[in-house]
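J.: Quick note, the sequences are listed as chains A and B, same order.
Everything in the first sequence is counted per numbering that gives the first Met the number 0, starting at 0 for the first residue and increasing by one.
Everything in the second sequence is counted per numbering that gives the first Met the number 0, starting at 0 for the first residue and increasing by one.
Everything labelled a hint here was simulated from the structure, so no lab data went into it.
Glycine included, each C-beta is placed from N, C-alpha and C at the ideal position.
Hints may contain errors.
[Unchecked claim] Within a straight-line C-alpha distance of at most 25 angstroms, the following computed SDA-like cross-link-like pairs (lysine to any residue) qualify:
(1) B:LYS60 x B:PHE340
(2) B:LYS356 x A:SER115
(3) B:LYS289 x B:ALA310
(4) B:LYS364 x A:GLY99
(5) B:LYS76 x A:SER126
[To be verified] Far from chain A, by Cβ distances over 12 angstroms, these chain B residues were calculated:
(6) LYS186
(7) ASP201
(8) GLU205
(9) ALA207
(10) ASP332
(11) THR375
[Said to hold, decoys possible] Pairwise CB distance ranges, derived in the manner of DEER restraints:
(12) B:LEU57 x A:LEU125: 27 to 35 angstroms
(13) A:LEU4 x B:GLN172: 33 to 41 angstroms
(14) A:PRO267 x B:LYS110: 30 to 38 angstroms
(15) A:ASN220 x B:ALA288: 53 to 61 angstroms
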Amino acid sequence: MTLLLVQALNGVQLGLTLFLIAAGLTLVFGVMDFINLAHGVQYMVGAYLAVSFYDASGSFLLALIGASLATGALGLLLEALVFRRLMGRGHLDQVLATFGLILTIGELVRLIWGTSPLQLPVPRLLSGAVPLMSGMGYPVYRIMLIVVGLAVAGGMALVIGRTKIGMQLRAGASNAAMVNALGVDIHRMFRLVFGVGAMLAGFAGVLAAPLVSVEAGMSDNLLILAFVVIVVGGVGSVRGAFIAAILVGLVDTLGRSLVTAAALALLPPMAAGHVGPALASMLIYLFMAAVLAVRPAGLFGVPA
Amino acid sequence: MKRIWAAGLALGAAMALSAGGTARAADVNVAFVATLSGPAATLGKQLEDGFKLRLDQLGGKLGGEPAHVSIIDDELKPDVALTKLKAVMESRHINFVVGPIFTIVEAAIFKPVIRSGAIFISPNAGWSYLAGKGCNPHFFATSYENGQPHSVSGQYATDAGYKRVFLLAPDYQAGHEALAGFKSRYKGTVVAEDYVPLTSMDFQSELAKIAQAKPDAIYAFLPGGLGINFVKQFHAAGLNHIPFLSAFTADESVLPAEGNAALGLYGGADWAPDLNNPTNKAFVAAFEAKYHYVPATYAAQAYDTASLIDAAVREAGGAGNADKVAAAMMKADFKSVRGNFRFNHNHYPIQDFYLTKVVKGADGKLQTSIVKKVLTDAADPYAGQCRMK
Chain A
0 MTLLLVQALN GVQLGLTLFL IAAGLTLVFG VMDFINLAHG VQYMVGAYLA VSFYDASGSF
60 LLALIGASLA TGALGLLLEA LVFRRLMGRG HLDQVLATFG LILTIGELVR LIWGTSPLQL
120 PVPRLLSGAV PLMSGMGYPV YRIMLIVVGL AVAGGMALVI GRTKIGMQLR AGASNAAMVN
180 ALGVDIHRMF RLVFGVGAML AGFAGVLAAP LVSVEAGMSD NLLILAFVVI VVGGVGSVRG
240 AFIAAILVGL VDTLGRSLVT AAALALLPPM AAGHVGPALA SMLIYLFMAA VLAVRPAGLF
300 GVPA
Chain B
0 MKRIWAAGLA LGAAMALSAG GTARAADVNV AFVATLSGPA ATLGKQLEDG FKLRLDQLGG
60 KLGGEPAHVS IIDDELKPDV ALTKLKAVME SRHINFVVGP IFTIVEAAIF KPVIRSGAIF
120 ISPNAGWSYL AGKGCNPHFF ATSYENGQPH SVSGQYATDA GYKRVFLLAP DYQAGHEALA
180 GFKSRYKGTV VAEDYVPLTS MDFQSELAKI AQAKPDAIYA FLPGGLGINF VKQFHAAGLN
240 HIPFLSAFTA DESVLPAEGN AALGLYGGAD WAPDLNNPTN KAFVAAFEAK YHYVPATYAA
300 QAYDTASLID AAVREAGGAG NADKVAAAMM KADFKSVRGN FRFNHNHYPI QDFYLTKVVK
360 GADGKLQTSI VKKVLTDAAD PYAGQCRMK
């Protein structure tokens, strides 16, 4: 029972990380109809910058703020240099160009920071653990991640649900051309969405850095999951992204435990060792297929 | 088509001529293949530095003949390794191919290398097929058969009386082989055999399962970045009271990144920096003085490989005759950093294996240290399938 609880916490934590990455992605995709494969590199760049800021200042908080702002700035720079030129072109062009960006930025990161993985220590204040199940402590830092993730999600809900810019965003997500025709400067909105989205991904990267090693390619896997999240949640819907992110996190983490356990119970050990992990890694995609079969536009998507 | 052929031949001849200008027939030409970019680059760097150190000590000569080494970065991509290696082998005659780190690369380049007439020496990758049915007169491994370092911990877990062990490895070929290697010498109960995706970064879910299972020990094969993340998270979860056995998960290639979280973790290996013999002491001191980090098994095995080539070329009177060189290599008449080293009939080593533990060295740097010898004069289990005499 406690194992299930701990696994659920792990799932929520993964989900919130995914949400921070997916929030910007879903808005850019939904409002501007723009596929940005390079969104994930912001996560990696955020983590790398945090290591540098931390080495320079010795403060985790300063590293968090500095690296988040810097990744936001990088997002705006990329928008001005590259993305603006890709607006209104086909998806294939966008995919090609942003995939090129992944390779370029990945190599740049290797040139600047080297190929060895880097480390960011857990801040001293949060380095303890809470004894949630016997024999194992649940790190305080991870609990803090869940709290911060929920706070950011709540903040975004307020901005999107209660402010003028939020209203324009929601309108843009359902019908961008109409919003543009009504006199909203959609390009300015795009820049804003882009900068904030990049900043959130960078923010997620900084928060994850003390848990995993900082290395080139650390975001490759998460980007795919983030796309699963926005498709399940409905393209353009931040609320959908939030719920889908938590669901994907839970399905992945809990599913992994349950499927391997089920495989062990039903199959001989040798076969279970092969079938269990294979099935477990398919789970979220099966989940995505199931959701899309029932709701082709995603949970909160606007049907075309 | 014919014209292209002719042009190709002319070009090839010109390249052979120009190569002949710099390298004499008596010289020793080596192609060195290792993963030198990407997340696994630290492993390739260890391999390269170990080989280069020995070559420098020998004055850039192998067996008294000037050595020309072409360094090839395989990028951990078998097709890239093959393309780059072929380009080098077409431009000049290669006597020795040394490398690589990973077995998938070894498997891809094996046939072309053997067909070219070169001697192929692996200082790390230890494909079991080449130890058994696929053994070859011109192939040598100076490392081990892939399962052996894992069987060390299996033997130790049996000796130490661990009744229930939790196994963890990435879900790919080498991961399954590693756990099979552990089980080959483990007599107790395997409480779980957990395979994680090769791209895993967060192991919180696995840690919860380990805490739930309450095993007597865990065995982990999590190379590179996987190990760095796992070891740190294992420590953060306060699970360090569970004996941690491993291979390639807490060695010198990842210890700088793992930091103090790795202190006290056990590993199985054919070598450790504090292995007590004069050759090894001199090697470790020279290595640290030159490269300012602690060598791992990769560097030690590459260093031995350079010593081996040196001895064999000297014995055979040059690198020209591959059969003669191979016969000289079998004698393994060199001072190994592993002390006790000789080749079995399948061209894999017969050597000792140790249980190692992560400690803080005198200079404050983390390194593995030998706890006890677990296997003496161990030969790999595939040697019986090899028809070579």
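J.: Would you check the hint for LYS356 (chain B) and SER115 (chain A), treating anything up to 25 angstroms between C-alpha atoms as holding?
T.: Roughly 23 angstroms separates the two Cα atoms, so the pair holds.
J.: Please settle this one: GLU205 (chain B) was flagged as non-interface, so is its CB more than 12 angstroms from every CB on chain A?
T.: For GLU205 (chain B), whose nearest Cβ neighbour in chain A is about 9 angstroms away, the distance does not exceed 12 angstroms, so it is violated.
J.: When you take the CB atoms of LEU57 (chain B) and LEU125 (chain A), is the distance between them in 27 to 35 angstroms?
T.: Given range 27 to 35 angstroms: violated, Cβ gap about 53 angstroms.
J.: May I ask you to test the hint 33 to 41 angstroms on the CB atoms belonging to LEU4 (chain A) and GLN172 (chain B)?
T.: holds (35 angstroms)
J.: Below or equal to 25 angstroms on CA atoms is what counts here, so check LYS289 (chain B) against ALA310 (chain B).
T.: holds (24 angstroms)
J.: Does the no-contact call for ASP201 (chain B) survive, Cβ to all of chain A over 12 angstroms?
T.: Nearest chain A Cβ is 6 angstroms from ASP201 (chain B), so the label is violated.
J.: Regarding the pair LYS76 (chain B) and SER126 (chain A), is the alpha-carbon distance no greater than 25 angstroms?
T.: Roughly 39 angstroms separates the two Cα atoms, so the pair is violated.
J.: Just tell me: holds or violated, for the beta carbon distance of ASN220 (chain A) and ALA288 (chain B) against 53 to 61 angstroms?
T.: violated (40 angstroms)
J.: Is the nearest CB of chain A more than 12 angstroms from the CB of ALA207 (chain B)?
T.: The claim is violated: ALA207 (chain B) sits with its nearest Cβ about 4 angstroms from chain A, within 12 angstroms.
J.: Find the nearest Cβ of chain A to the Cβ of LYS186 (chain B) and say whether that gap is larger than 12 angstroms.
T.: holds (16 angstroms)
J.: Between the alpha carbons of LYS364 (chain B) and GLY99 (chain A), is the straight-line distance 25 angstroms or under?
T.: violated (40 angstroms)
J.: Holds or violated: LYS60 (chain B) and PHE340 (chain B), Cα atoms, limit 25 angstroms.
T.: holds (23 angstroms)
Hint check: violations occur at hints 4, 5, 7, 8, 9, 12 and 15; the rest are consistent with the structure.
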